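Colleague: Protein chains in written order, with the numbering used here: chain A, 1 to 283; chain B, 1 to 261.
Quick caveat, the hints were computed from the structure, so don't treat them as lab data. Hints may be right or wrong, so weigh each one.
[What the hints assert, rightly or not] The calculated label-pair distances, taken between Cβ atoms and stated as ranges, are:
hint : chain 1 : residue 1 : chain 2 : residue 2 : range
1    : B       : Ser166    : A       : Ser121    : 50 to 56 Å
2    : A       : Leu31     : B       : Pro32     : 53 to 59 Å
3    : A       : Gly106    : B       : Gly58     : 25 to 31 Å
[Said to hold, decoys possible] Beyond 10 Å from chain A on every Cβ pair, some chain B residues (computed):
hint : residue
4    : Gly55
5    : Thr129
6    : Pro146
7    : Thr154
Source: prediction; values computed, not measured. Built from N, CA and C at the ideal position, the CB exists for glycine as well.
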Amino acid sequence: MTPLQPEPGGRNPMRTRVSAGIVAVLALAVLSVPLFFPLDQQAVNLRETLLPPSWEHPFGTDGSGRDVLLRCVYGLRVSLFVGIVAAFGAALIGTAVGAAAGLLGGRTDRFVMRIVDTFSSVPHLMLGIFIIAMFRPGVWPVILSIGLTHWLSTTRIVRAEVLSLRGRPYVDAAVSGGASRIRVATRHLVPAVLPQAGLAAVLLVPHAVWHETALSFLGLGLPSHQASLGNMIQDSRGTLLAGDWWPTLFPGLFIIVPTLAIAGLAGAWRERLNPRRRSELML
Amino acid sequence: MPSTPEASGSAVQREKGPAPALELRSITAGYPGRPPVVRDVSLTVPAGESVALLGPSGCGKSTLARVAALLHRPDAGSVSLHGAPVTGWRYRAPRAQRTSIGFVFQQPRTAADPRLTLADLIAEPLRATRAVPRRDRAAADEHVRPLAASVGLTGDLLTRRPHEVSDGQLQRACLARALVLRPSLLICDEMTAMLDASTTATLVNAVESYRAETGAALLAIGHDRPLLTRWCARLVDYPALPVPASAGPRPPSLRETAHHH
Chain A
1 MTPLQPEPGG RNPMRTRVSA GIVAVLALAV LSVPLFFPLD QQAVNLRETL
51 LPPSWEHPFG TDGSGRDVLL RCVYGLRVSL FVGIVAAFGA ALIGTAVGAA
101 AGLLGGRTDR FVMRIVDTFS SVPHLMLGIF IIAMFRPGVW PVILSIGLTH
151 WLSTTRIVRA EVLSLRGRPY VDAAVSGGAS RIRVATRHLV PAVLPQAGLA
201 AVLLVPHAVW HETALSFLGL GLPSHQASLG NMIQDSRGTL LAGDWWPTLF
251 PGLFIIVPTL AIAGLAGAWR ERLNPRRRSE LML
Chain B
1 MPSTPEASGS AVQREKGPAP ALELRSITAG YPGRPPVVRD VSLTVPAGES
51 VALLGPSGCG KSTLARVAAL LHRPDAGSVS LHGAPVTGWR YRAPRAQRTS
101 IGFVFQQPRT AADPRLTLAD LIAEPLRATR AVPRRDRAAA DEHVRPLAAS
151 VGLTGDLLTR RPHEVSDGQL QRACLARALV LRPSLLICDE MTAMLDASTT
201 ATLVNAVESY RAETGAALLA IGHDRPLLTR WCARLVDYPA LPVPASAGPR
251 PPSLRETAHH H
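The shape of chain B in the complex, shown without the other chains (with noise of 0.2 Å):
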């Protein structure tokens, strides 16, 4: 009998299929001391799916990206995470949670330890977990080389700090340090927001592939409309207009206002 994820999963996780790579259910986060910048936000990806989230800049999509990556603890609500529910946040979140989530930042320059060689960007995770042994360089190549070379990095370009080489070279290399412990679920947080075409078109490529080889879920949050609607299969519009906890009614959850395409 074939095994498939079903099988060992509840009995009402048999009857509707696999649980979602990630659920975020009435979120509201925000920074101490400023009124919440997300409010009550529900959304789901489903295993092995592509979801878009548009919204304008400020909105508070990239701190839903870092509640979702348990990067930032949430004032209310919860997550769950192949439905497994979430408990800790950063260092207080288990370490498999957390190294199955693959996250693409924004900016690169910032998103990267300047210290570090491309290659060393690239392979600190392996080093972190010790999924390869932190002085062992020739196994941590095993891992970079291959992954470089799909995202479109050159090997001379692997020796080079992140002042040396430009933002679009910075994301390829920041692109696959979040794929290099192959992660179910990959967010990725107007990661094409500040490159070209080409740079974008590789990037996008190399996502898919990656996700084509390992069915990993997908969350892409950005502006673009139309590059999401080629990305993804299902957009969610954002709520435009946060409104107050206290005044008026609450905004639709995105559960409500996502449509398919």
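Bound-form chain A, shown alone (with noise of 0.2 Å):
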């Protein structure tokens, strides 16, 4: 079998390998750059505008005269942060609602999902502008607008967890054993749904970047002067008719291709967690 062939039961070593490369060099490049080439976001260069991509500006120049490559990096960079923090912060609020509503059962249960049912039934993303209209503009409010609108899917999934685990005979040996709620919640609930949640979260990140990226570019997001993914297309929409293409095309890729790369792997992480293909390894 040549690697690029995907095993049966849908394994790709191959992409899986492909996606921790990318993420593992733009990972270092989001760290180490700013150590060595400090962006000053305020600055331009008028008489360096629109210049093709060079040697010296593998990306060529925007606009402003600004490097994209640099502002690229700069540009993931926040992107990144924004989107983990966001995902994270949604997968931990999902898993507290989640994990209490299929513990807690009965009325609670009920009244959690409905208003479940009432977050998912308003767009996320107009939701995350309303939210984002009550700040002024910065990367708090970004990540509140999008943690906040995220939580809804973590909480499902919890809670379907929790409400098929709960049944167990060893949740039964525990309570006979004296526990408690709260430690059964603690000790044999919860840890047997962090990863489905930690799942969860990662699968989350690169949807964040997606909307971080999508406030920034209808200009709800972070402050225009920053360097930001969704900022730099916003900027350099006029252009691109122009014929000059790569101050749109690079911050395009720099969303696309990351994402793409964390949802691979978190694509090769579901496979590992896949209760039935872990059974049919231990046979």
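Two independent chains are provided; combine them into the complex using the hints.
Modeller: Right, here's the structure in full:
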């Protein structure tokens, strides 16, 4: 079997390796580049506007003479920061709410799930815009806007998992051994759903990055002078029609490639978590 | 004057001896949306005695066992433990009442949290009830080691997780877990159904030596008549054919069909 051909059951080691490589390189870039190449967010160079890609500026320069490569790296840095914090915040809310609903059951569960349904019925980008409109532009309002609108799917996953686990005999055994509800939750149920919740969080990261760039593109995200992938595409929209493709294309690739790579890694993790596959391996 | 259990009991109990360890009266129990699986069943386990409940698979024995262990609230009927009526089940049962019953499940695989080592599995009731400090491994070990030895678990197995041991070894750990809080009543629901003869013998011996030491009562549930005949003082047959409440005479209660061996 050639490595490019997916294994039966959907495992694709090549995709996983490529994704891991891309994530590693970009992670190194966003962590190390600011140490060597500081970026003055406000600086412009009107003598070097819209230079096409060259050795000096591999991704060219934008309409204000700013280096596109450096701004892409800084943009990815802020996008990933927002994406990761928002996704893990959302997963944390989702896990807490889902575990509480699944554990308490009954009226509490129905009440919580109706709230989840209500939130789900509104387009979450619009809900996010409502939240962001309440604050001055900045990184934290964007994180808040994404985090507060993306906990619903994790809530459903964790609740379903807790509902299926809490009927297990080992929970009965814990009850018989004198465990309180809180002890059962913290000792037996939450540890069991953590891999699922962690996976949900990682799967949310690309989505949160897209949201951040979409909000910035709409002019609702980060302040417009700040290097952010959404801001860069928004800024260079006009020059695209004049044939200057580089200030738009490279930020676009910086959105798509890392998010697909993260999604690829999360997909590989999900396959490892898949209980059916695991049980096959154990047999 | 020697103090006896009767001395603190009521006048009625002084005449009749100590209150039964477990008394189930007219229990009807089942699961939502289905007809009840246990109908109007009564059963008594006298203090310190061993009673075996025999019946075919799927007849409701396990549900009755869960009712008796305060894990499943019956739809009707009453339960009392050592003369004290039970008013709540599961988390609503007082902790002392819940832990006065040791429960061993039929399937050790599903009754063991796959994340805990066998040592943690056995010690978990001690930690849950704060009988030992939760982070004090040495204190828990003091309780776990002798108990593990009494059910035939060697020390190296205690660091393993459930998927690394056999069903028999895991059931030994589950029995040790049921005994770790020194219950005054032990309920074994088909404890040995999955096991080979030598493990069965070890577990039965472990239960009997625990009972000899503490005077605990036993309710053993199963379908293996020769084993239960040798194990328990009294055998009770579960009503073979539960009759729907609306049709025909009501099934005889267990007490009426009980016979001594």
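Colleague: Which of the numbered hints are not met once you compare them with the structure shown?
Modeller: The structure conflicts with hint 5 only, although it agrees with all the remaining ones.
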